[in-house]
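For chain R, the structure is supplied; the task is to place chain V on it using the hints.
So you can see what is in the structure, the chains are spelled out below.
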Amino acid sequence: MPSCPPPPIDARKALDFLRTSGLVDLSVPLERVVDQVSQIDDVAGYVLAWERYVLVVANQVADLDDSTAGN
Amino acid sequence: MDTTQPGDGSSQRRAVETRAVAWLAARRNLIDPAEAATDRVLFARKALIETAFLVGLRARLDPEPLDDDYAALLDQVEGIAARPSYQELIARDEAALLLYAGTYAALRLCGREAPEFRRVITQAAAGGYAAVFERIPYRQLDLLHTLELCGVQHTLPTMDDVLPFTLLCNSPNVVKLADRDIYAITHTIFYATDFGLREPRWPRDFDPGAAVELLEALLDLTLGQENADLVGELLCCLLCLGVRDSEEACRAWEFLAAAQEADGRVNGPPGVVHPGLADGDDAYRHWATGYHTTIVAALAALLDRSPRVVRRDRQSAPQVRSTVEQPLRRAVVWLADTSRRHDPATCLPAAAAVAYAAEALGEPELARPLLLDFSERLADADVGVWQGHGMEVVGEFAFGLRAHGITCSSLDMFLKSTAAAVELLDRVPPQAAYNVQRLVGLGLISPRRAAALIDDGADAPHSAPGTAATDLPDAWKNYHLGHIAGIVRDSARTGRAQHRITRDAVAFLLAQQSSCGAFGRPACDDPTIRERTMMSWTQSVVTALAAVHAACGTALTAPLSQP
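Those protein sequences? They're chains R and V, same order as listed.
Its first residue numbered 1, the first sequence is counted upward by one per residue in this note's numbering.
Its first residue numbered 1, the second sequence is counted upward by one per residue in this note's numbering.
This is chain R alone, in the form it adopts within the complex (with noise of 0.2 Å):
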């Protein structure tokens, strides 16, 4: 069944057609993942890795952890 012309697309329209994309969705589809999981890594700057891995900052972090304790 022919359908009536449709209203002549204008230049905006046309560059905003031209400009939009989308096979590929950018959108966070699911934003609640990304909020359930672990941050721990956010605290490996390098100096804190660095340390960690001696074992010197997580002896403080163990010293500190037993003061909160004890508060």
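In case anyone wonders, no lab produced these hints; they're calculated from the structure.
Backbone N, C-alpha and C define an ideal beta-carbon position, used for all residues, glycine too.
Treat the hints with caution; some may be incorrect.
To be verified - Simulated crosslink set (SDA-like; lysine to any residue; CA at most 20 Å straight-line):
(1) R:K13 to V:I454
(2) R:K13 to V:E50
(3) R:K13 to V:K416
(4) R:K13 to V:R438
(5) V:K416 to R:T20
(6) R:K13 to V:V385
(7) R:K13 to V:R449
Unchecked claim - Which chain V residues stay away from chain R? Per the calculated CB distances, all over 10 Å, these:
(8) R28
(9) G242
(10) A257
(11) M391
(12) A451
What follows is chain V alone, placed relative to chain R:
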């Protein structure tokens, strides 16, 4: 530094080292733990050992006597290490053996023997804890290397025994590596190669060519992040492996030279120093955030000019091809079947992805049932449906229909109207160029008219792959499959389908496919949300894999197996 002037750049690199060491020497008081505020003592000890190591390596890698700035640093290190309040701490803080032993090792490399310092290290190392508590592999290598430089005997497993457990020797995926992982890799190479002075006995299945490829891929990413510290360390690693003819290394030198400040300092990345450490002391912060990166830049230049560092022909990485055909076909089938159960106006991008991928696979029939169904249900669709999805989606859908001789009246009228409007434009922006070509491909405007519409600089319609690839680690960390797919798609279209970064990103995407063929793990229990999410991810991944498949060519992938 002007890296464009004639020559191999060695004099300019030497200048980087000279300026960096001068900057460090001028601030040598800051590496003295005795002069540091209580909360900065640990940081000073760390800076002390790293500075000491630079001087020790200078003495080792360059047979000429130390120049004044290196000599001033050595005197400072020796003066600090001579104090009982420093060297006797080893007996009191065995867990931090490496923090002190490295200082002694550096002095020894410089010919400044310190017998009592050596004695306390030897006693601690033999004491049943300092050298034997469990360390992660690259720290174990650090221990072995330090003890070796100290000349301290031990009965620990050798480096050859430890190397198979390291990240470096287990084919890591570059997309997944956090900064701390990259440091694990760089330090493994430092210790295993003894800073470029020996050929390690790599594990049997380790490919040095693949390691160079890994380092260059990481350089690509860290250059994009403008992380001078990691760029410097990775550059050092290539030099330690004897690699001199590396395009990425050249870019790294240009970056480091540009990053070096006039006084020789090289700024480190954000997050180096704990926010509370500087506490409003700008001069201290300036030093604390730059000293390590400045040391690394000096070390790179030192390794570059040393006559003692190994040099060898570049080893090629093994040819690894991405074989995406089977997973892509399974995903296309799932996406086509699932889309048919949904509203065509909403699922048009999925149908377009199916059509695009089926064509790339050389199996357009995979898309035919879906295209027939959607073309009928969209025959009277409102113009807003087509307008809203944009030319990329609508164009691929239209190509799919055309391949099967299917018509859709509302789509045909919309495209004709749009082409008429485009004909009246003077120019289109670069990001629209690719879609103008789609109009040409559909015969809706002439190639000549399209050429006139597209700006001269519009022949690269996608973002620069180097810049985009930099986002991959964050996209991986956040499980942003759409973003990863977009980067993979753009990389494939710009000739980087077989680049290590793209291959590793593809490998990650392929590992997200479930048995039904869909991509992505929603980690939620609601069936509706699960399906919607997996459709979005699968549509994106199918598009990316189709681009990879098209870029690699069917000759390079597995032979077709008909279902």
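*What hints, given by number in increasing order, does this structure fail?*
Hint check: 2, 11 fail, others pass.
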